[in-house]
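Student: Assembling the complex is the task here: the two chains are given apart, and the hints tell you how they should meet.
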Amino acid sequence: MSLHSNSNRSRQLKNSVARWGITLGGISVLFTLVLIFMYLLYVIKPIFESAKIEPIATIELTDTTKVLTTGVDELKEIVYQIDEQGIFSFFHLTANDHRKMFAEKVIADERKLVAVSDAEGQSTNRKKILLDNQGEVKVVEAAFHASYIGDDKTISASVIYPLGEDVLPLDEQEQAIKKVAMAMDSERAIFVALTQDNRLIKTTLTAEDDFNDDPEFEASYQEIEFNQVVDNILVSPDLMMAFIQSGDDIFVFDLDDEFQVDLKERFTPFANSSKKITTLSLLSGGSSLLIGDSQGEVSQWFEVTGEHGRHFQLIRTFNVSNNEAISAIYPEQFRKSFFTLTQAGEIGLFYTTSEAELWKGKLENIVPTTLAISPRSDGLVVTDNHSLQLFYVHNEHPEVTWKALWQEVWYEGYPEPAYVWQSTSGSDDFEAKFSLVPIAFGTIKAAFYAMLFAVPIALFAAVYTAYFMTPALRKKVKPTIEMMEALPTVILGFLAGLWLAPLIEQYLPAFFLLLIFLPLATFLTAFAWYKLPKEIKLKLPETLAPILLIPVLIFAGYLAMYLSPIIENHLFGGDVRQFLTNDLGIDFDQRNALVVGIAMGFAVIPTIFSMAEDAIFSVPKHLTSGSLALGATPWQTLIKVVLLTASPGIFSAIMMGLGRAVGETMIVLMATGNTPILDWNIFEGMRTLSANIAVEMPESEVGSSHYRILFLAAFVLFIFTFVFNTLAEFVRQRLREKYSSL
Amino acid sequence: MINMKLTNNSVSSTKEKSTMNKWFKSGSPWVWLSAGGVSLSLISVLGLLWLIASRGLSYFWPADIYQFEVQEKVGQPYTVIGEIYERESIPVAQLIHTKIKFDKDAETVERILVKTGNRELVSLDFRWLLMPQITTMTLPKDVVVIERRTNGNFYGFIDKVILSGKEVDKSELPTLVERVEKFQSQIDALQKKDIGAINYQLERLRLKEKKYRLDNELTIQRQAEIEKETQALKAEYQTLEKKLLALRTQVARDKLLVHAMDGQQVEIGLENVLDVSFANQLTFFDKVVVFLSKVSDFVSDDPREANTEGGVYPAIFGTVLMVLLMTIIVSPFGVIAAIYLHEYAGNNSLTKILRIAVINLAGVPSIVYGIFGLGFFVYVLGGSIDQLFYPETLPSPTFGTPGVLWSAITLAILTLPVVIVSTEEGLARIPASMRHGSLALGATKVETLWRIILPIASPAIMTGIILAIARAAGEVAPLMLVGVVKMAPTLPLDGNFPFLHLERKFMHLGFHIYDVGFQSPNVEAARPLVYATALLLVTIIVALNMTAVSIRNRLREKYRSLEH
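If you read the protein sequences in the order shown, they are chains U and Z. Residues in the first sequence are numbered consecutively from 3, following the numbering used here. Residues in the second sequence are numbered consecutively from 330, following the numbering used here.
One chain only, chain Z, in its complex shape (with noise of 0.2 Å):
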């Protein structure tokens, strides 16, 4: 009985042995482990952008408020109020030097990241606490949580709202916060655009004046007429000014008396608060709501707090500026390019090499042509015009110093080999069979090429553009050096003449996500916004570049049909 068991078991086995040597001889493991490169590559892909969306989109869902109550080994139970930043659990090993006793059997313990706000109360506004330790965990009612312009938001109970130095209802509040916001809004458009205008145009003025001195043409008569105009500036920033001053009182004439975690009384004026919100309180419904504004506030403010806090709008305006420049002048040169090389160039050296050359453009590294333009075209193009064009300004450079003309010219020629690529491509469709057509018809090359081929070719080119955009607006490295800043004071484009500032500096989104994560002085209170910047910037490429690819897609299509 045992003896027949056993030689049924090692048949078996030798049975099981033989199909794991067929299997492995069929080769299927090998398959198998080559599907895995693939799920392995589809995984981080689409990983990275749900990890992206995630976080990003979490940014805006206002988050609950928890209240715990902590007792440590020694000393008083304290409370805690603030929102669950991150869960993590980590070895008990690593906690044995701070000598706080767990269960045996736990190996590991839980703790989370608490976000405390109340910046000018305590030095970090972040706070492990051990889940062992806390005690209780609620979700009070009434806690507030209040957006404020300095010093991040503050989390907790509104004692008292104080009307001109007087107490008034808590339900006043809304009504109050609104008018403040819009006082706020005058200030703002009064600082940027009225009073920024008179700076600007005061600025002009002395420039002129030095250029007239310069050029020995300052007379008598030009000179009085700068300082009469000077003047009537000067004049107008007076009212302008006693009108700001007036709003200002008129926006400090609230306050909000509230008490923190700690019981500690704190006094807030008003017009520091921008958004007074009880978090626990709010409906799914009131929850999209608050979430849709803040998404709206993040793309349409500009930034708070050394860019940690408010929105991105100069970001997002400066990169689709320069991105549109940078359109201008790639398209033309990569179109003609690809025309050249496909329809005009013969199959000589002079061709391989210029395929060389193109398919090099699109492997230098970026940072090669940051430095390149830095040093051709900033400082010896943009020195050369400043010396011909701006010598009043001199030594303050105009053109010669990094700026939104130098890094579209630079992005250009980075994303040239983009377009001609796509381009070449489209045109390549073609069936030969059109443009025997039209030159059979008596077109002369120029002719066929202009009204039969382009248009044909047209959402091939675009399929190029797009892509060259996608590609320019995720690029930072070469903007570093020519052009990009953590905080450009004004925007390229605004209402001062000539309206268009092609030497200004800018602020761009990819850029923004490295200052903001790396440089700035705060990185775990930045990261959320570094998530939604970044979230920003992924779904505008990934939309670009879905629409090239199903752009090209279709024009693929249309022409296997016109093949047959």
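Okay, chain U solo, but in the shape it has when bound (with noise of 0.2 Å):
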């Protein structure tokens, strides 16, 4: 007895066990569904969050001697700063380790340091231009060697002298520099300067070698033609241009010839307004002038090719400060973005091409009098001459923000804001571009094309199959139709790529013969049996049409192939491609959205059929028959009752296969050029979501804003499709219980 209810109990626990283990399966399909959204929202999140900067460490100074300059290794662990004594002094500021390391003079003893600029060009430590109260120029920069004793990691750094310790011969009348800028690469430096007696010289110095391996060097010198104020000057990091401010006007120099500097261009920023120009920098490549005025605004020009030539424009506004003038503009190094110091110690963050606000306010406890950006873009070093402090920047993905995706974006070189998706480039100071405006395009470009040939011939077909057919008939045609369903597209797209492109591209007139031809040669063998004698009728009936057909259509395409070069001889000059592109101005490419359009109906007309034909076959017979009855023709009956009962299945039918459209990557990938552009043009391709992760994805840095946005484009198909289906299931479901009731 006691056995017995002890195996009951063992199985009622089975069943009870089982009955948890079946439920949370069943959940498990939820679960994975929420999973794939919460991941892809999880990788998207970071690119559109603002930037943070956190605190890491401080270090009281203890002599307050001006500080003129900052800066920080790529680690963020050493910093450094020269002040005005001409003092170079490092300091260990980590979490846990904050100390001075070393200090060394870097100029003659009895002089001092007036002014400090970074010098422009492509390195890690940015160089420093020097300029004491004598007027003599030296160039230092901050080196960081890293040594491993074990898996232990020191970072050891020193001053070294790219263009040698000794001042550095810039005018050849020797005469005292009052203002000077700098860029330089491995082989030549050029120094734009304002000697005492106002002279604006260029000075050249190239390298007998390389500057990375040897300061020496040859000096040549120009003098440029300039009798104004200077009141600021930049040199361009390619050696190409200068700019000089004089008052409200800038001054753009070419530096390329070696004889002469021409000026370029002038241009007066703010020629209708009160505002003046307080300070000016160039963004990170060269290309972009900041300019920083009086009323709190920061202005980025770039040349642009118009009708009179290439000319500084106005691209875009930063609004910094409510009228609190702009005291500076760090620019980063390696990408588009930049900070601003305000007279209040006020600082901002702020990318250019996104036109992203990412930080705006003040640090805690510091009013800082100068900044230096990490070479990471990682870090920031501030310091008001009392203590210096090393900032964390949050701020991996600046350059993507929901305008920049999907809003047009004036990239510089480019002559009008355009939307752009160019993901990768050979150059090294190539910008990324990311609009998803074009893919996303392209992909309604694909799916409507794809719609427009499979809608109709799936319509009809899902027609004739449920409400014409025979049974017997409908048993083999069905599941044959919806084999294609079945059919890889990866051999569809095989198929178009290679079969369909060039056979279309040869007899492209056919194709649009088949246009007329097809649904004549129904109609005319339509007549024809209507006119055929009753015995034969008998014989061939109606309904057998389909099979009946099946021979004349192959043999209007046929004869659709065969028409087609004498069309091309007769009315296009022999060749319809050079007609579209020479007569018509049309662009053709081989694998265009004609293929993918028929390539891509052929995927998802069974996914409509199928669909279709189920909501038609469904439709209650009394309702038919009631039609019938009443005196309406088949055809009547169909289009007064049975579509307009089964429409919402119908509806249904072409959203899922539109979803499908959407979603389908291979057959894209393959017939397409997978260019991004925005023309609907038939004969051109495009690069839909789907098609781009499939290319851009295996070569994507994980966790890079290009990783990011793929997986965003992941998200945007997820969404789409999300939406279609549900609809779609949810107006199936209604259909479900409205039949039920009739």
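Keep in mind that the hints were calculated from the coordinates and are not lab data. Ideal placement from N, C-alpha and C gives every residue a C-beta, glycine not left out. Any given hint might turn out to be false.
What the hints assert, rightly or not - Only pairs whose alpha carbons sit at most 20 Å apart, straight line, appear in this in silico PhoX-like list of lysine-lysine: (1) K537/Z x K557/Z; (2) K571/Z x K537/Z; (3) K114/U x K16/U; (4) K354/Z x K642/U; (5) K354/Z x K533/U; (6) K16/U x K571/Z; (7) K740/U x K642/U; (8) K522/Z x K444/Z; (9) K533/U x K346/Z; (10) K511/Z x K533/U; (11) K351/Z x K539/U; (12) K681/Z x K740/U; (13) K571/Z x K511/Z.
Unchecked claim - So, partial list: chain U residues that the calculated Cβ filter (under 10 Å) puts toward chain Z: (14) N17; (15) W412; (16) S692; (17) F720.
Unchecked claim - With beta-carbon atoms standing in for the labels, derived distance ranges: (18) I425/Z x K536/U: 38 to 46 Å; (19) E436/Z x K536/U: 41 to 49 Å; (20) K536/U x G376/Z: 43 to 51 Å; (21) D589/U x E436/Z: 36 to 44 Å; (22) L536/Z x S160/U: 36 to 44 Å; (23) T96/U x G712/Z: 52 to 60 Å; (24) F557/U x V618/Z: 37 to 45 Å; (25) K522/Z x K155/U: 41 to 49 Å; (26) P788/Z x D589/U: 36 to 44 Å.
Tutor: Pasting the structure below:
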């Protein structure tokens, strides 16, 4: 007895364990979907976060000499500063270790520094141009070296002089220098300077070998014709241009000529306004000029090719502060971001291209007089002459904003704002352009042409199969068409790209002839059948129409192909492609939207057909019988009763088809050239969201903006299909309830 | 008289008009038009299958080798030998720029694409010939097709057969080719199996040592042991290498002297020859034999020459293994979810949401699964597995990189709804009376499920699994992100412990089609192979689908009789 009850209990236990297990398994489906959704969101989220600035470490300075510049190494461990006395000091500054390492005087003993500015050029640690009170110039650079003892890493620092320790011979007449700017690469350094006697000079130091190994150089001198006040000098990092600010005007000089320095352009940024230029800076890459003004705005200017050649033009403005003048602009070294500093010590962080305002405010406990950005743009060193502070900057994806993804953006070097997707390029200072518009457009274009092709055929076929076909034939035809759905899309894509595309290119007129031939042939056959004598009609009933039409349609197709070269000869001068490009100005790609439309149409037909056919077939029979009994023809019954009743089902079939067309990858990948263009032209290709992911994901660096944007593209696809599918399913459920009540 | 005729005419034309009107009003033309939709769909499905089948099969059928004498407008006449690859007719106007004169009335001109092979002699192994320029076209009896390991086919004539420096009779050739083939297969076995195994063991020893070092457990004794094993393996390697060299000299013994279509004489070492056939001497029966042997080579050989020639065995193997793994993962989940939905779930909003989730899982684009698989499975899960279990190989990833396991799991999610929908349909067809009967006899719900419901529903479950397999076998887009490669050096299943290497990348038939058809340097030459691969894939998938459908239909019939 106890045995019995024991086994009973264990049976009950098993039963409830199984219940829980199965319930868990059932819920796991929902869990999976939610997991996909959440994970995509989790990857995307960082690109829409604004920047964060957090303090890491502080060091109190013992002497309060004015600090002219600061800097930090790549790993944000060693911070340096140069003060008015010309003392270059290094501090170890991390969260758990801050101490002074060493200091070195970099100018002659009795002198003082007047100004220190950053040299332009591609180097991890910025070179500093030192100008002392005797008007002499030197260039210094902080160098860092990592060494390993076992697994412990120590970083040591030193001061190097890329152009030698001696004072640089900038002026041929050996006058003192008042203002100076410089840019250098490994072969040349170009200085533009203002001398004591107000001459503007250009001095080129050419390396005997390579400045990376050897500071030996030869100097050559040129004088720049300029007789106005000089407020500010900048030299572009490619050593091609110099910018001189004189009051409200900016003069651009061409530095490329070895013998002569020409004025390239002169412009007045704030011609009709009371604004004054307070500071100037060059954005990373050196083609954009950032102008800070007295009313708290920073404006970006670059050269745009217009009707009258290339001119500097106002591109966009950033509102940094209300009416407080900008005291300095600090561009990041490798990205198009910049920091601003106002008189009151307010800091702003902006990204130019995406027009993003990433951070704005005051730092805690410090009103900085100068700041420096770490080479990896993830740190900030500020000083107020009493302390030196290091901050962590969380700002990984400044270039991505909702606006930059979906609106026109004016990129450097472009004549006007545009939608561009261009994620990689060969050159180093290339700015990735992430506009989702061209690829979202491509997706819609591909889906549109596919639906244009698929919907009529699929619906006609569904109507006939569900409503006119004999059950015996229907049993064979339906699975055959549904078989198409099982065909791998990679095969459809391969046939589209390697068989259909060349075929269409060769027999282009045939494909347009078919648009007329196919319906015409159908009507002619129908009429011929109508005219047939009764005896033959009985033997060949109308229910066999689809079979009867097969040879007719194949013949029509053959006829179109046969006529195609002849038509090409007579109407298009022998070559339709040339006719299209030369006479009509329509570009023609071999792999184009027409090919995609047909191939993807075939992939979508079975989806639409199958669901629409189900919807039409399950219209209750008494509705149609009633209509027919009242004298309506079968076609009238179909249009006025059946299709009307089944329309929600047909709608949901089309939705499902659309969902499939939007997400399809392989066909688009193989049947188009995958160029992200914005053009409805049926003879050109497109790039879709899905193909874009397939092409670019393998090359994308994990965690980069590009990687996250590809996830965003996937998320957009996910949401898109989610909406369509849920809508379709909802409509279908409603329809099912309606039928069961009828 | 004339009047009469006229009225007659107009009467008949009005009569005509009224019949036309009547015909239009009856809606018959529209019915026919919709029938046209069916016809068009049928034409496209069957046409597509026919296209793939004919192109794919003709890849294996030995083609006739033609010799063309061509006379162009200027220059000497020349000879072209090769297979006819394609024919097309183009409008004459497109050739105007070539300034060739044709018949005045001709609007189109026919041209043929000839595969001439001999890649090392000419830059392009395909050539367009205009029919009017061909003076003669013959089928020379003694033309030979030599299938080679590198440089593709050779078309030409055999001058001499040389056996270790001495000329022998041409009839010796088949035996010599067979001899080389035997040695080549020995070399392959040696290289892949034995030497591959030694390399694999050496790598494992290296990792073992590194792991001991990482855990600070590397004692002198252990190190000596590892050193000893390494030495033993290296010694073994030396002997194997000697054996390999000996075989190589054996293989390189014989040579062929041949001349090509332009009379140029070429020496072909037999080690480079796979097959020699006098294509124009083959009878129909011979051709069938060649056809069958080519088919079997195709499914059992490794690819050659950047996948554009040879077989697709690794791709078949990879596809099958990945699909099997996927089946193991998806079946229990799919069946359990279906059982929950049909047997346990109440009629509440959670069930509704679950159903919408299933529909959406089926509708989410496959590339989204791919990107999710890459981010979540490969980088998150795989990365953590590497940190925990394979610290010795870091920074090179073991599971933290695309591989066959992640592909299988990704595709399992993708095909989950297929199994669920199909299983649920099967469950729904089982009459409630069977459940009630079992419960009334005192069985618990689980016992009813296990003993009654599942056995009856098993064909439906099978259908679902087969459909899932068919779907997974054809899916390429997500695999491109989570594990497929164009050329995998080793199979994911081999003779080295632990035999099944789930972290390895694999080859896949669908991706093979994409890669060879679109990424290979010589697309034209690779195209027939792509058609053959497509045919293989389509055959597998269509067969799977037909099986599934027929099982489902039989099941439906069965329960229809039970219901009444």
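Student: Go through the numbered hints given earlier and state which of them the structure violates, listing their numbers in rising order.
Tutor: 2, 3, 6, 8, 10, 15, 18, 20, 21, 23, 26
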